[in-house]
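Construct all of the structure, not just a fragment, from the sequences and the given hints.
Each step along the sequence shown adds one to the number in the numbering used here, with nothing skipped, and position 53 is 589.
Treat the hints with caution; some may be incorrect.
In the SDA-like style, the derived pairs of lysine to any residue whose C-alpha atoms are separated by at most 20 Å in a straight line are [to be verified]:
id : residue 1 : residue 2
1  : 781       : 770
2  : 630       : 764
3  : 630       : 812
4  : 630       : 722
5  : 689       : 718
6  : 805       : 637
7  : 805       : 817
8  : 805       : 638
Hint data in this document are derived by calculation from the structure and do not stem from the laboratory.
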Amino acid sequence: MFRGTLNVLMMLIGLASGVAQLAEIPARAAQGTLTAVFLACLLYFVIRFWQIAFVLKIRQLRAELLEATRALALQRAGHQHYLDAIQRISDREKPLFSETLEVIVAVGDDDETDRIVERRTTTPEPLVTHRTMRPIVPTDTDGLNRLDGIEFKAVRPVGGTITPLPLEQTRLLRVWLIFDPAMTVPTEWEVAYRPRGLWRPLRERGWDQLVWDDRLPTASGTPSAFTRFVVTFTFPDSDQPPSVKERAGYGVLSEPVRDQRGRWEVVWKDERPAGRRYVWDLTQPVGEP
Numbered sequence: 537m538f539r540g541t542l543n544v545l546m547m548l549i550g551l552a553s554g555v556a557q558l559a560e561i562p563a564r565a566a567q568g569t570l571t572a573v574f575l576a577c578l579l580y581f582v583i584r585f586w587q588i589a590f591v592l593k594i595r596q597l598r599a600e601l602l603e604a605t606r607a608l609a610l611q612r613a614g615h616q617h618y619l620d621a622i623q624r625i626s627d628r629e630k631p632l633f634s635e636t637l638e639v640i641v642a643v644g645d646d647d648e649t650d651r652i653v654e655r656r657t658t659t660p661e662p663l664v665t666h667r668t669m670r671p672i673v674p675t676d677t678d679g680l681n682r683l684d685g686i687e688f689k690a691v692r693p694v695g696g697t698i699t700p701l702p703l704e705q706t707r708l709l710r711v712w713l714i715f716d717p718a719m720t721v722p723t724e725w726e727v728a729y730r731p732r733g734l735w736r737p738l739r740e741r742g743w744d745q746l747v748w749d750d751r752l753p754t755a756s757g758t759p760s761a762f763t764r765f766v767v768t769f770t771f772p773d774s775d776q777p778p779s780v781k782e783r784a785g786y787g788v789l790s791e792p793v794r795d796q797r798g799r800w801e802v803v804w805k806d807e808r809p810a811g812r813r814y815v816w817d818l819t820q821p822v823g824e825p
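Pasting the structure below:
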């Protein structure tokens, strides 16, 4: 490790001593020269030592980083196995409950004010400890949808808490909701979130659609866990009213009316859900807030 440095040191001292003798340099000057050469060689030796130690440390850190990366990859793979298992279990389970659902779909003045609220009253048959759901999020971009990105909140006003955990965070989004304590009696709860940019196409071109799939049969054999399904669409104020139409004609629609804030509101109801796929076509004037 130090052989090259020592060789250079001895060579320089010998060279300086020989030159001093041949040139008949005074002893004091020669001594000063040799001291300077020695100090320079010593400095070189220290720098060389530090450089080698630095290179060795870098190699060690790279090895540790590689090992940590491998461990993290294994941990992520194991974590994903757990998430996949939870999703498979959830997909196989039939709902052990019935519920009413009211969804408030707020078309914002801009991307930041798009908002969704889902209010449910769940009646356990006989117990509900957890469930999964898919929030309504934009899927026409390559960006990932994350719980914190949409400010997802789950609230159980009376009788306990709800812990939301992400199961899938891609272009789609799936959430695992854990109820603590478990539901044993009819319980009201809601989730609210901000899917920024969800209604950007509606604002830009004047039309868009919303799809809701309710085709999961229940354990009791009924085609839907819903006993009542209501969607309230709210639109920004404009001179012309917006329009909403369910493509297959399911449910009943109200006429557009203005609420207390001057926003347009359209209410759709299905009092007898039967496990259907709903598609609503929405229109509103372009270029008006």
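In ascending order, which of the hints set out earlier in this document are inconsistent with the structure? none
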